[in-house]
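In order, the protein sequences belong to chains A and B. Here our numbering runs 2 ahead of the position in the first sequence, where the first position is 1. Here our numbering runs 745 ahead of the position in the second sequence, where the first position is 1.
Treat the hints loosely; a few may be bogus.
Straight line, CA to CA, 30 Å or less: simulated DSSO-like cross-link-like pairs of lysine-lysine [as the list claims (entries may be wrong)]:
1. A/Lys59 <-> B/Lys748
2. A/Lys59 <-> B/Lys814
3. A/Lys13 <-> A/Lys59
Don't read these hints as lab results, they were simulated from the structure.
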Amino acid sequence: DTGVSQDPRHKITKRGQNVTFRCDPISEHNRLYWYRQTLGQGPEFLTYFQNEAQLEKSRLLSDRFSAERPKGSFSTLEIQRTEQGDSAMYLCASSFTGFGTEAFFGQGTRLTVV
Amino acid sequence: DAKTTQPNSMESNEEEPVHLPCNHSTISGTDYIHWYRQLPSQGPEYVIHGLTSNVNNRMASLAIAEDRKSSTLILHRATLRDAAVYYCILRGPTGTASKLTFGTGTRLQVTL
Numbered sequence: 003d004t005g006v007s008q009d010p011r012h013k014i015t016k017r018g019q020n021v022t023f024r025c026d027p028i029s030e031h032n033r034l035y036w037y038r039q040t041l042g043q044g045p046e047f048l049t050y051f052q053n054e055a056q057l058e059k060s061r062l063l064s065d066r067f068s069a070e071r072p073k074g075s076f077s078t079l080e081i082q083r084t085e086q087g088d089s090a091m092y093l094c095a096s097s098f099t100g101f102g103t104e105a106f107f108g109q110g111t112r113l114t115v116v
Numbered sequence: 746d747a748k749t750t751q752p753n754s755m756e757s758n759e760e761e762p763v764h765l766p767c768n769h770s771t772i773s774g775t776d777y778i779h780w781y782r783q784l785p786s787q788g789p790e791y792v793i794h795g796l797t798s799n800v801n802n803r804m805a806s807l808a809i810a811e812d813r814k815s816s817t818l819i820l821h822r823a824t825l826r827d828a829a830v831y832y833c834i835l836r837g838p839t840g841t842a843s844k845l846t847f848g849t850g851t852r853l854q855v856t857l
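Required output: the full structure, derived from the provided sequences and hints.
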């Protein structure tokens, strides 16, 4: 296993278009997290899954954002009708469930909305 | 979510030890103290975590105060590759408390 992978690494889109990002977690991990990071800030939590169940969504996740994790494997994050304020790095992480376990992050997808 | 307080930035000379402080006065009894770092243009990377006792691994040491209201990440010999933003995070054991809540971290600069 080569760690958490995210695709694409970079995405430039026009305002109003829909975009979808993919995250492939470490295969044994049942927890999967999505974060968003803007310049100079720490990553902000968006949502997380335990297996295929989406257990929490941040208030940051507006109705234009949706995430799925079919069959508890890979996950997708879709942003509909993108806005310039959506420009950010989108990070995915995975971990085991359990006390004090470490999370492994992907390299992120950098989204630029023009 | 319990909060942590870290200095915005610190500087160190290469091959010197670095002590990165973190205050977490509202920590609960089941919160683990996690440290992550983020190198430029990369996702965060796990460094170390602990509950009550001091911890050592190949990357760093974690010193936890007896009352658990503060902790210190220790890099024994800083190198240029250690220049990064270091995040101190409290992580609960289950449910929504188990997510990582990042602050703004400490930006560590390492100079020759």
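Verification of the hints:
1. Pair hint A/Lys59 plus B/Lys748 holds up; C-alpha atoms about 20 Å apart against a cutoff of 30 Å.
2. Note on A/Lys59 and B/Lys814: the hinted pairing holds, with a Cα-Cα distance of about 29 Å set against a maximum of 30 Å.
3. Restraint check for A/Lys13 and A/Lys59: the C-alpha separation of about 23 Å stays at or below 30 Å, so the hint holds.
When each numbered hint is compared with the structure, no violation occurs for any of them.
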